[in-house]
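Engineer: Residue numbers (this note's numbering), protein chains in the order written: chain A, 1 to 131; chain B, 1 to 454.
Calculated from the structure, these hints are not laboratory results.
There's no promise every hint is true.
Heads up, simulated DSS-like pairs for lysine-lysine below, C-alpha to C-alpha not over 30 Å straight-line [said to hold, decoys possible]: (1) B:Lys324 with B:Lys287; (2) A:Lys65 with B:Lys324; (3) B:Lys287 with A:Lys65; (4) B:Lys287 with B:Lys248; (5) B:Lys406 with B:Lys391; (6) B:Lys324 with B:Lys391; (7) B:Lys150 with A:Lys65; (8) B:Lys391 with A:Lys65.
Since we're looking at a predicted model, the values are computed, not measured.
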Amino acid sequence: MSEIPTELKYAASHEWARLEEDGTVTVGISDHAQQALGDVVYVEHPEVGQTVSAGAETGVVESVKAASDIYAPVSGTITEINEALEDAPETVNQDPYGDGWFFKIEPDDVAELGELLDAPAYGELCEAESH
Amino acid sequence: MPFIPHTAEEVDAMLTTIGVASIEDLFDEIPDALRAGRLEKVPEGISEMEMLRIFSERASADALGPCFLGAGSYDHHIPAAVWDLTARGEFMTAYTPYQAEASQGTLQLIYEFQSMMAALTGMEVSNASVYDGASGLAEAILMAVRGNRKAKSRRVLVPETLHPLYREAAAAIVAAQDVVLETVPMGSNGLVDAASLPTSEAGLAALVVQQPNFFGRLEDVDGLTDWAHEQGALLIAVANPLTLALLKPPGEWGAAGADIACGDGQPFGIPMASGGPSFGYICTRDKLVRQLPGRIIGRTEDLNGKTGFALTLQAREQHIRRGKATSNICTNQGLLVTAGTIYMALEGPEGLARVAKASHRNTAALTDLLTELPGVDVHMEGAFFHERTLKLPVKASHAIEALLQKDILAGLDLGRFYPDMEDVILVCATEKRTETEMLAYRDALAAVLTEAAT
Chain A
1 MSEIPTELKY AASHEWARLE EDGTVTVGIS DHAQQALGDV VYVEHPEVGQ
51 TVSAGAETGV VESVKAASDI YAPVSGTITE INEALEDAPE TVNQDPYGDG
101 WFFKIEPDDV AELGELLDAP AYGELCEAES H
Chain B
1 MPFIPHTAEE VDAMLTTIGV ASIEDLFDEI PDALRAGRLE KVPEGISEME
51 MLRIFSERAS ADALGPCFLG AGSYDHHIPA AVWDLTARGE FMTAYTPYQA
101 EASQGTLQLI YEFQSMMAAL TGMEVSNASV YDGASGLAEA ILMAVRGNRK
151 AKSRRVLVPE TLHPLYREAA AAIVAAQDVV LETVPMGSNG LVDAASLPTS
201 EAGLAALVVQ QPNFFGRLED VDGLTDWAHE QGALLIAVAN PLTLALLKPP
251 GEWGAAGADI ACGDGQPFGI PMASGGPSFG YICTRDKLVR QLPGRIIGRT
301 EDLNGKTGFA LTLQAREQHI RRGKATSNIC TNQGLLVTAG TIYMALEGPE
351 GLARVAKASH RNTAALTDLL TELPGVDVHM EGAFFHERTL KLPVKASHAI
401 EALLQKDILA GLDLGRFYPD MEDVILVCAT EKRTETEMLA YRDALAAVLT
451 EAAT
C-alpha cells in the first residue's frame, strides 16, 4: 500500500502538487507512481522560465523498465527544477514527497489546484488501477 | 537455436487453445482500411536453385576488372577469416538474438564493437549499429534536434560537400518531423568555409561535417566545430571509420569535440556487393546518451559476481515508449557488425593505419599517373585522403563508359550530382590496387582521350 499524504493534491497522471507559502506549487510524482516505475535512473526536467499549461508534458521520468511523461498539474511558469535529481535520481524512489520533488511552478491561477484530486479520491484511483 | 519456431501443428494447437479458428480470425478487429491486402508487387517464393541462378547472373554483371570507384563504398581487402568466422552458425541467425540468458556471445561481440567504435571516434558511447551511414546520419540529425534543447530550433546546416545521397536519404527521413535541412554551398576548393556559413535568427540545432568530405578533401574540422558551438549548435561528424586510424577523431575536433559521430562501416570487411547491405554506426557523448536510438549493450555483473552483457537504456525504445520512442528503428545490423568487429580485431589499430596509408599512397600514385595525360588535372588541389577529383578534357560520363568497355571501373561522374562538374571524375585507389592496374587505367584513359581528340 502506498503512502498518500492528505495535505497534497493529485493529478490522475500521478503527479502530486503542494502549494507553498511563497505562492509557488511544488510538483513531484506519487509514492504509487514511483513504486510502479521501479528504480528511477533519470529525470528530464523542463527549463526554468518555461510556461506550461495544465496537462502539458513537462519532462520525462525514466526507470529501468519504462520512460514516462510528467505533466504539469497546473498552468504557470517553471521557477525552479530539482537539479539534485541529475546525480541522484534514486531520491525519487526514496523520498517521493520530500527531496524527490521535480519542479516548482508559479501558478497563473491558484484556483486550478481545486480541480485536482484530494488524497481519498486519488487513493481510490490507485486502488482501481491496481485491479 | 530455432528463431522461426512455429510449425503448422503448433499454430493449430495455440489457436485451438484460445478458441480461434484461424490466424485471420485472430486479426479480425483490424479494420479493412488499415490492411495492406495482398502485396501485388512481391513475387511468389522461388526455389533455392532458381534463386541462385538469378543472383549469380546479377552478381556476374558486377564482376568487373579493377575498381577505382569510391564515393561511399570501397573495394578493400577482406581477410578470409572475417567471413569464415562470421558465417558460423553461432553468429549467422535469422535475427540478432538479444536475450541475455541465451546470447552472451552475440552480446559480448556487440559490446566489443561499441568499445572499438567509441575508441576510433574518440566518443564516450556507441550504439549497436544502425542500417547504414545515410540512415545513421538521419538518426544523428533527429538526435541533435531533440538533444539541443537550448537552440529551440529544427534547422540543421548540411554542406554541399556532404555525400549527395546521404543528404537525400536524411532529407527523406527527417522531413516527416518538420526538420529543416539547409544546404550550404561550398567554396571553389571543395571545402566548407566557416566564415561564409549563414547565421539566422531562427537559431541552429546542428551543423553536419563530413571528414574526409565527399570529394576526399580534408575540412577544417576544428574551425567548423568551434563555429557550430559558438552558434549554440551541435556538431555532427560523418566519418569513414577507416580514416580515423590516421585522422584526428571527431571527439577531439575543435575545443570541445564533435557531439555526434556517424558513418558507414562498409570499409570494415563488408563486400561492395552491388551497393549493399552495409552497417552504420552512431557514437556520441554521455550527455546525449538518452537521445541515442537503437540497441545499446552494457557490461554488468550477475548475482554471482560474474561479468555478463545485457541490453541497456531500452526505456526509450519503441516497444516501451511507442510513438514517443527515440526512433522507429530498434534493431541493428547484427551480421554485418559481426564481420566489421572481426575485421577491426584482426587488423588492430596498426593494421587499420596500414590500410589507410596504403590507400592514400595508391590514390596519390594513381592521380600522379593520370595527370601525366594532357588535359587531365587535379580539380580540387590540397590535402586528401583516398579520393580525389580530376578534371578531364572530355565529359566524365563518356570516359567512364569507354573505360567500362575495357573492364575498368574508372570512378564517379560528379556531373550526376553537381551540374557544373560534368567533366570531373572522383577516383579512389584502395590498398588493393596494383601498379599494373593503375598503369592499365592510365593507358586506357590515354586511348579514350586520344580518340576523343581526333
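Engineer: Each hint should be assessed against the structure and marked as holding or not.
Structural biologist: For each hint, the structure was consulted:
1. The suggested pairing of Lys324 (chain B) with Lys287 (chain B) holds, with an alpha-carbon distance near 19 Å, which does not exceed 30 Å.
2. Our distance criterion of 30 Å between C-alpha atoms is met by Lys65 (chain A) and Lys324 (chain B), whose separation comes to about 15 Å.
3. This hinted pair checks out: Lys287 (chain B) and Lys65 (chain A) have alpha carbons roughly 20 Å apart, not beyond 30 Å.
4. Pair hint Lys287 (chain B) plus Lys248 (chain B) holds up; C-alpha atoms about 22 Å apart against a cutoff of 30 Å.
5. At most 30 Å may separate the alpha-carbon atoms for a hinted pair to count; Lys406 (chain B) and Lys391 (chain B) meet this at roughly 21 Å.
6. The hinted pair formed by Lys324 (chain B) and Lys391 (chain B) fails the criterion: a straight-line CA distance of about 49 Å is larger than 30 Å.
7. For the hint pairing Lys150 (chain B) with Lys65 (chain A), the CA-to-CA distance comes to about 28 Å; that is within 30 Å, so the pair holds.
8. The hinted pair formed by Lys391 (chain B) and Lys65 (chain A) fails the criterion: a straight-line CA distance of about 57 Å is larger than 30 Å.
Hint check: violations occur at hints 6 and 8; the rest are consistent with the structure.
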